[in-house]
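K.L.:
One-letter residues, chain by chain:
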Amino acid sequence: MRPADDLGALGDREVPLAPVATSDVINKWLDGELPEPANLRGDAARSVEFWRRIGEETAVRRQMVTPAHVQAQIMSEIHRVAPARATESWLRREVTLSSPMLVGGALGLIALGAIIARFIG
Amino acid sequence: MKTTVPAALVEPIEADQEIISRVLAGHRDAFGILIQRYSDPLYRHALGMTGSPDVAEDILQTSFIKAYHHLSEVRGRFDAWVFRIVANGCKDWLKNIRRTHLSYEEDDQPTTYATPEEELDRSELRMDLDGALSQLPASLREAFIMKHVEGRSYEEMADLLATTVGALKMRVHRAREALQALLEEKYAS
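If you read the protein sequences in the order shown, they are chains A and B. Read left to right, the first sequence gives residues 1 to 121 (the working numbering). Read left to right, the second sequence gives residues 1 to 189 (the working numbering).
In case anyone wonders, no lab produced these hints; they're calculated from the structure. Take these hints with a grain of salt, some might be off.
[Stated by the list, open to error] Covered by chain B, according to a simulated footprint, are these stretches of chain A (three or more residues, beta-carbon under 8 Å): (1) 24-32; (2) 37-51; (3) 67-73; (4) 77-84.
Since we're looking at a predicted model, the values are computed, not measured. For glycine and all other residues, C-beta sits at the position ideal for the given N, C-alpha and C.
Assemble the whole structure, with the sequences as input and the hints as a guide.
P.N.:
Shown next, in the form of structure tokens:
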């Protein structure tokens with residue numbers, strides 16, 4: 001018998017193996033990119049069963065809602081404090097200078113200049 | 001039989017920006033619409049991150065009050081902005097609790113389940129899952145909670161966390177791997 005005949009005979013006898021669920025397949029299933037892997041055995045079957053149970057638990061958590069009293073507490077706190085107002089950044093705010101402020105600023109600059117001159121000289 | 005609702009009866013959904021303008025104009029009650037609109041997913045996020053209903057309520061309350069005070073600073077989507085406030089609140093809480101080595105009590109765990117029987121069946125898995133989640137780094141826990149508990153898409157998560165879909169997939173996959181390693185022996189039989 002030639003080697004090729006031997007291989008052919010083996011090919012005829014080949015039986016399908018149970019699909020292998022790698023972590024990649026499990027992740028794709030959990031990400032919704034693949035259907036749930038079926039007909040698994042061993043570790044792969046246990047992994048799928050594990051994530052099915054975790055999925056049931058997370059589905060319950062997904063239905064949880066904010067306790068009713070929380071919104072009431074927030075609103076009561078909001079009514080207690082000053083109202084929110086549209087505010088402008090201090091950089092954009094218009095600055096008005098009075099005459100005394102200008103004189104004070106000028107005197108301050110002169111004094112600062114004198115101090116610097118003394119240190120340099 | 002197919003029924004249709006007359007267009008006039010369909011209540012238009014007021015855009016967040018319009019509500020914000022009303023609040024800033026002095027109508028404080030309008031802020032309640034924003035709370036109602038977004039509190040549930042934010043509460044689930046805080047609950048998943050902290051594992052404690054009391055702490056989740058506190059974080060939610062503090063975050064919405066902070067949001068109210070800084071409402072004029074909202075640029076872009078309100079829901080994404082307020083999500084970041086809540087997410088940062090959760091991370092700060094986690095940092096503090098790790099630093100002080102405090103642990104929350106079992107009585108403080110989530111208890112919103114349908115029936116007492118279901119509560120009994122699930123209580124062990126619930127506590128084990130909370131315990132395993134608390135062992136994950138905050139970034140992995142956050143990604144897992146957003147994907148599996150909040151049911152968000154990777155694109156939505158990337159938008160909210162200002163990162164890439166690829167990075168988030170990696171975090172979720174690593175979180176799954178870690179959780180499976182921690183829990184599989186007990187629950188995969």
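K.L.:
Hints first: check each against the structure and report whether it holds.
P.N.:
Taking the hints in turn, this is what the structure says about them:
1. 24-32: Our answer is that it holds, as 4 residues pass the Cβ test (under 8 Å) against chain B, meeting three.
2. 37-51: holds (count 5)
3. 67-73: Answer holds; 4 residues pass the 8 Å Cβ test.
4. 77-84: holds (count 6)
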